[in-house]
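Number of protein chains: 2
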Amino acid sequence: MLIERRDFLSTLTLAGAASLLPGTNLLASMIPKKEKLGIALVGLGYYSTDLLAPALQLTEKCYLAGIVTGTPSKAQAWKEKYQIPDKNIYNYQNFDQIKNNPDIDIVYVVLPPSMHREFVVRAAKAGKHVFCEKPMAPTVADCQAMIEACKANKVKLAIGYRCQHDPNIQAVMQVAKDKRFGPVKMITSAAGYFDARTTHWKQNKKLGGGVMGDMGVYALQGARLATGEEPISVIAQASTTRPDIYKEVEETMMFMLEFPSGARATCQTSFGINMNYLQVNYEKGWLKLEPQSSYSGNKGSMSDGTIINFPLKSQQAKQMDEDCAAIINNTDLIAPGEEGLRDIKVVEAIYKSVATGKSVKI
Amino acid sequence: MLIERRDFLSTLTLAGAASLLPGTNLLASMIPKKEKLGIALVGLGYYSTDLLAPALQLTEKCYLAGIVTGTPSKAQAWKEKYQIPDKNIYNYQNFDQIKNNPDIDIVYVVLPPSMHREFVVRAAKAGKHVFCEKPMAPTVADCQAMIEACKANKVKLAIGYRCQHDPNIQAVMQVAKDKRFGPVKMITSAAGYFDARTTHWKQNKKLGGGVMGDMGVYALQGARLATGEEPISVIAQASTTRPDIYKEVEETMMFMLEFPSGARATCQTSFGINMNYLQVNYEKGWLKLEPQSSYSGNKGSMSDGTIINFPLKSQQAKQMDEDCAAIINNTDLIAPGEEGLRDIKVVEAIYKSVATGKSVKI
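Chains S and L, in that order, are what the protein sequence lines are. In case it helps, my numbering puts the first sequence at residues 1 to 362. In case it helps, my numbering puts the second sequence at residues 1 to 362.
Take the hints with a grain of salt, since some may be wrong.
Pairs involving identical chains hold if they fit within one copy or between any two copies, as the list cannot separate such chains.
[Said to hold, decoys possible] Result set (DSBU-like, lysine-lysine): computed pairs, CA atoms no more than 35 Å apart in a straight line:
| # | residue 1 | residue 2 |
| --- | --- | --- |
| 1 | K206 | K361 |
| 2 | K74 | K205 |
| 3 | K247 | K179 |
| 4 | K288 | K361 |
| 5 | K34 | K99 |
| 6 | K313 | K288 |
| 7 | K205 | K284 |
| 8 | K179 | K81 |
| 9 | K358 | K205 |
| 10 | K284 | K247 |
| 11 | K284 | K206 |
| 12 | K177 | K247 |
| 13 | K288 | K74 |
In case anyone wonders, no lab produced these hints; they're calculated from the structure.
Chain S on its own, in the form it takes in the complex (with noise of 0.2 Å):
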């Protein structure tokens, strides 16, 4: 099994126990490590439920080990479903005590929006490697605050992009590395559904909501991955078709990206429809992906005829194997905190555009 950390550096003199903080590799050799990480995943929603749990059970690297959640009558059905033991079950008062459950190696934060720093922050201070649902935070400053929390605790933090890890979208990023086709030109980048929802929190400013934190980040995620860069400027505009439920927040943005090498992307999403698709053009050849960030079937194909279309179980699965093997092996995260700050870059970025009818440098 892991060592649990506070526990064994209590067993250790200061300087015998700093070689084995993360970033130091000369004792881990001998310390007999875990087969499967224990994950506690907090907030019990729809993508708790009906997607990670599930993946759970087919993961290798880690299993549920714990729940966290506010609502009793969840505790009561996840616990027989899932045998959790009693000891590893928190509400969000008694969470902070985690920090002495060696059961439990990461904490999977799944929370609304608004709430994934103080959840973040509180799990890095207990010791806990920490996974964080995308979007990262509402603001660039909480998100800043959450990777300082994990440094300072010296444990990791991984953003749940299930689509960096799905070899679908590895193919798209890997031809934005190789360039097999010259530069990008041009992009255009779709992500939407319709949610018939009307109080959930992606309805809720407060609590984090509009479409483009949700499913606006695929959006531009597919625009960031398939040129591998950066936008350095932004226009957008946000609208709604549904003024009585999107009171609050956007339905649906629409926003152009600027590229450092000059490439451009017009991209949409919304709460309004459905659609989910990826054109990539490039100086000597096209990608296209349709969808590109489903949960499971996203496929495509290049101009030189490679078809894109690699099997896969569960994104979910295989982002959380991924993200223990490194936790496990201290290896580079595939998308730790990092990544997700670079996306709240641009949404605040495009929350300013709006609000000044103007293109934003960012």
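Given chain S, put chain L in place with the hints provided.
Just chain L, lined up with the frame of chain S:
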């Protein structure tokens, strides 16, 4: 043959003549009609040479009767290739004498956009029906003057929107009419090609260059025809990746449109990259077309399984035949001057948005 209006009018009393003007059909059945209308092409560049002249070998309702060119060597070459009699060959100076030429029923203006207004007005004053290439003209004021001149001289004015005569594009327009997938929600429309030329009118502001009026009109038409609506606002961004060539005009334009129904579109057009596609997301389905504005081979599909792939020998031949039929039968043109004006209204708003950096109401 179609009676030559001015000569015929001179033989009649004013009262009798009135009933023969376009818009009245009292004596129409009594006038022997030409089997084929004679077309004079004005401007013998690439489009006339490689597209229109060959198409005029396929047309049933019109033929290449004359040419108007400022280049004597071109006049000689065309005369020989197409057996054009000397009396039907004009230059820009003696062009107005075309009014006395009964062989010429229609003047087709294929000049750089900055010259459209002058030659459409001169053709109308010569009593000839007019076909005019797109973009109709650099400004709304130009378009209005052209429409007025044709109205005042009781001749028809058709804009060379070949795509609106293409059954594959008409399939898109039909869905806008029959609303089989409900209202349009989001559109992506892209039209561009890599233009290796450096000193063409397309790179020259005075001549009416810039990608927006050229390929941009196709990107715009993709959105306009898919909605069947006129945009009410636009926000646009111009750019270039070849500042040495695109000094005066933009190489690339991205723009976002809002329609009265709430439909939204992101559009891209460029002389820097080959791309040509349309994706329409309706409330209950989708339509894709790629290419969407090619000279041939426009094709696509819809979410209900409908394939869009109608065979077509020549867009331009069909366009000219259908426009000639409208002249012969005095029926509505598919794309009259008013349709060209609709696009230029948006193009003007796009340039205003680029200049101000803000959204512009149309």
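Evaluated hints:
Taking the closest pair of Cα atoms, K206 and K361 come within 35 Å of each other both inside a single copy (26 Å) and across two copies (32 Å). Proximity of K74 and K205 under a CA criterion of 35 Å is satisfied intra-copy only: 25 Å inside one chain copy versus 67 Å between copies. Taking CA atoms no more than 35 Å apart as the test, K247 paired with K179 passes between copies only; the shortest distance there is 28 Å, against 43 Å inside one copy. For the homomeric pair K288 and K361, the shortest alpha-carbon distances inside one copy (28 Å) and between copies (33 Å) are both at most 35 Å.
In this assembly of identical chains, the alpha carbons of K34 and K99 lie at most 35 Å apart only when taken from the same copy (17 Å versus 93 Å across copies). In the homo-oligomer, the alpha carbons of K313 and K288 lie at most 35 Å apart both inside one protomer (22 Å) and across protomers (29 Å), since each shortest distance falls under that limit. Taking the closest pair of Cα atoms, K205 and K284 come within 35 Å of each other only across two copies (28 Å); inside a single copy the shortest separation is 43 Å, beyond that limit. In the homo-oligomer, the alpha carbons of K179 and K81 never lie at most 35 Å apart, since the shortest distance is 48 Å inside one protomer and 47 Å across protomers.
Taking CA atoms no more than 35 Å apart as the test, K358 paired with K205 passes in both settings, with 22 Å inside one copy and 25 Å between copies. Only between protomers do K284 and K247 lie at most 35 Å apart by alpha-carbon distance; the minimum there is 24 Å, versus 44 Å within a single protomer. Taking the closest pair of Cα atoms, K284 and K206 come within 35 Å of each other only across two copies (31 Å); inside a single copy the shortest separation is 45 Å, beyond that limit. Taking identical chains as interchangeable, the C-alpha atoms of K177 and K247 lie at most 35 Å apart only when they sit on different chains, with a minimum of 31 Å there against 42 Å within one chain.
In this assembly of identical chains, K288 and K74 lie within 35 Å of each other by CA distance neither inside one copy nor across copies; the values are 41 Å within and 44 Å between.
The structure fails to meet hints 8 and 13 from the earlier list, while all remaining hints are met.
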